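Participant: The residues making up each chain are set out below.
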Amino acid sequence: MKRARIALFFCLACSCLTFAFDWPLDEPALAASFGTVSGSSFHPGIDVRSASSQVQAVAQGEVIFVEDGKGSSPLPSSLGSYLALYHDRGLISVYAKMRKGSVVDYLKRAKKCDILALAEPFSGANPASRMEFILFDSDKRQFVNPLLFLRPLPDKLSPVIRAVYLKRDATAVNILENRSFRQGLFELQADFGDPGLDAGARTLNAPFAVRVLLNGSEKINLKWDIGAEREGELRFFSDSGMGVSTFSLGSGAFRLGSFPIPRGRMNLQLIVSDFSQNEKSMSYNFLVD
Amino acid sequence: MQETEKKKRGWVVLLACGFILYFFIAARPMGKELSVIPAWTVRAQGAVGASGSSQGEARAFNLGDRFGYFSPQGRLLSSIRAGAEDVISQDLYGSRDAASGKTFFYLPTGEKAFELSVAGRPFFSAGRLFLIKPDNNGISEFSNSGGTAWSKDTSSLITCFDANENLAVIGGLDGRLVVLGLDGSPVEDFSPGGSRIPIILGCAVSEDSRYIAIVAGIDRQRLVLLERKGEGYRISWHAYLDTDFRRRVFLEFSADSRYLISEAVGGVSIRDLVKGQGSYLALPGRVAALHSAAGDDLFLLLSNAVDGSYLQLLRAPAIPLLQAQLPIQDPFIDRIGRSVFVGLADKILRLDMGEY
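Going line by line, the protein sequences match chains A and B. Just so we're aligned, residue 1 is where the first sequence starts under our numbering, counting upward by one. Just so we're aligned, residue 290 is where the second sequence starts under our numbering, counting upward by one.
Hint data in this document are derived by calculation from the structure and do not stem from the laboratory. Owing to the predicted nature of the structure, the values given are computational and were not obtained by experimental measurement. A few of these clues could be false.
Chain A stretches covered by chain B per the calculated footprint, using a threshold of three residues with CB under 8 Å from any CB of chain B [said to hold, decoys possible]:
| id | stretch |
| --- | --- |
| 1 | 42 to 55 |
| 2 | 83 to 93 |
| 3 | 132 to 140 |
| 4 | 211 to 217 |
| 5 | 230 to 236 |
Taking lysine-lysine and the DSS-like style, the derived pairs with C-alpha atoms no more than 27 Å apart in a straight line are [claimed, not checked]:
| id | chain 1 | residue 1 | chain 2 | residue 2 |
| --- | --- | --- | --- | --- |
| 6 | A | 219 | A | 280 |
| 7 | B | 401 | B | 391 |
| 8 | A | 100 | A | 111 |
| 9 | A | 219 | A | 167 |
| 10 | B | 518 | A | 70 |
| 11 | A | 70 | B | 636 |
| 12 | A | 156 | A | 70 |
| 13 | A | 70 | A | 111 |
| 14 | A | 100 | B | 391 |
All C-beta atoms, glycine included, are put in the ideal place defined by N, C-alpha and C.
Isolated chain A, as found in the complex (with noise of 0.2 Å):
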């Protein structure tokens, strides 16, 4: 019995370390993930929609800037009325697209939970309210992907893979049009992503990681867990990363990277995952000359 509370405890204590925050809505739906494209730009955060409008403090921390709309400044906010809170070890969470006039101007800090403002009404009813979190290491100066410190949601879809394209020089070929290639470097570029809420939506989320293999051996890992700003891009997967105009074919499809291509009969796997663990393989053979 003592071992056995030792080990929830211990349970218990893993996971507090692991997931520190908690939502910023109750009962929350993840509507968009982090790095997801849109338009000419990744998305540094993710929006949430819930039943519920009230906001609430993912964890302990001290306000340091307010957007109420209140100023006069002539620079708009495309994140509306949003506020901003400071956590322990340089970590910023904010809350964006607030009600106007609802963010709370009085406090200075924040316990957990504690509410800080009403959620827009989401058009839609049902849930009915939506929200843009966005979590920020100001000591590395990168936006971080929020799911790596909130509770995990249930998720039971997985990710969805539409086409994979072999480029090579101009022209890029569907893989499964085409079981023959000549050796060389290749970009291989795929059409994927998460369906988020919705199994048969149109537009895809960001998926949180990506790996591709050949015969067996990894070329390419993509992991959407930061994104920083470099020479005045956002990028997104390491120091170097890629902007979203080198992500980004604009057609639905991303470019994952190049690699060379030897003769001999190869095996390509893409496994795409979300962050609950939910993957896709897709394997394709072709032979090669």
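Dock chain B against the given chain A, drawing on the hints supplied.
Facilitator: Same frame as chain A, but now just chain B:
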């Protein structure tokens, strides 16, 4: 006896002459009194088409739900119903179509100029057309024909922005200030530090590009003045403030780049950059705008309070001359020299300041 009488009379004559001379020698003209005289009033809505206005004389007005152009002589040139995200400058106005996400831009004459289909919110600063990106983490600039001049993502969310004809300054949630040239190339990259939490709460660039000012940090807050030295900027003065703002702070240079006006608790601080002296002026409510004119030491300061807004006329640096209470928040104010244009509800009026 006669001698004494003569002497007495001489003294009296001398005194009388001295008295009369004093009036001529010591006389000074009376000081001129400042007067504010209403020149005209025009209704900002009515049967006026956009056509017929010429760009040269058009002044933009924005009354919140309605904007357009008028002439300084008191003629309404155009009046258009405006949405919350619509924008206007002296040269262009933009109307946002929520369904398509596009913003359609028109000349003051009403002629279509171009359309922007880029996500984000366009705005004008110093007559230049900018766009803040959808997550407040980047700025793009567009030419007056709609072409993208440059586009930059920032390292964090943008907390403040200012521009003049040559520069754009951008402050961030991470305490970083970036100064960009006309082509978007970096001119300065500065993180002031010196506070427990780094953040930029206010930023301003002077008309002549000589100075950049920022209010930065939490615990303690600092006002930092940067001065151009060669290709970049160096700190020329700074002061710790007794403020604890957790929002965007008002910060602006006067049109002649001589004074820096910064928001303070219950009013504004005005720093004379030539003499290196500071003054404080108490204001009702929260300072919202400064209207100054090059070569004129009269300032107009607008502040918003719970019971409306207040327009304060002062002589630089901080001598209050007149104060008027206006019944609405954030009224439209514009200024050409000593003519002030005030928008109230559905009217625009011109007030001329003069010293008589």
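Participant: Determine for every hint whether it applies to the structure shown.
Facilitator: Hint-by-hint comparison with the structure:
1. For the stretch 42 to 55 of chain A, the stated coverage by chain B holds: 3 residues have a C-beta nearer than 8 Å to a C-beta of that chain, and at least 3 were required.
2. Requiring three or more residues with a Cβ within less than 8 Å of a Cβ of chain B, the coverage given for the stretch 83 to 93 of chain A holds, as 3 such residues are present.
3. Judged by the Cβ-Cβ criterion of 8 Å, the stretch 132 to 140 of chain A is covered by chain B as claimed, because 4 of its residues qualify and three suffice.
4. Note: the stretch 211 to 217 of chain A has 0 residues with beta-carbon separation from chain B under 8 Å; the three-residue rule is not met and the coverage is violated.
5. Closer than 8 Å: that is the beta-carbon criterion, and the stretch 230 to 236 of chain A has 3 residues meeting it against chain B, so the requirement of 3 holds.
6. Annotation: proposed proximity of residue 219/A to residue 280/A holds, straight-line Cα distance about 17 Å (limit 27 Å).
7. Distance hint between residue 401/B and residue 391/B is fulfilled; the C-alpha atoms sit about 13 Å from each other, no more than 27 Å.
8. For the hint pairing residue 100/A with residue 111/A, the CA-to-CA distance comes to about 22 Å; that is within 27 Å, so the pair holds.
9. For the given pair, residue 219/A sits about 15 Å from residue 167/A by alpha-carbon distance, which is consistent with the 27 Å threshold.
10. A C-alpha spacing of about 36 Å is found between residue 518/B and residue 70/A, which places the hinted pair above 27 Å, so the restraint is violated.
11. Distance check on the hinted pair: residue 70/A and residue 636/B sit about 23 Å apart at the alpha-carbon level, within 27 Å; holds.
12. For the hint linking residue 156/A to residue 70/A, the alpha-carbon distance of about 43 Å lies beyond 27 Å, and the restraint is violated.
13. In summary, the hint linking residue 70/A to residue 111/A is supported, as the alpha carbons are separated by about 25 Å, within the 27 Å threshold.
14. Restraint check for residue 100/A and residue 391/B: the C-alpha separation of about 23 Å stays at or below 27 Å, so the hint holds.
When each numbered hint is compared with the structure, violations occur for hints 4, 10 and 12.
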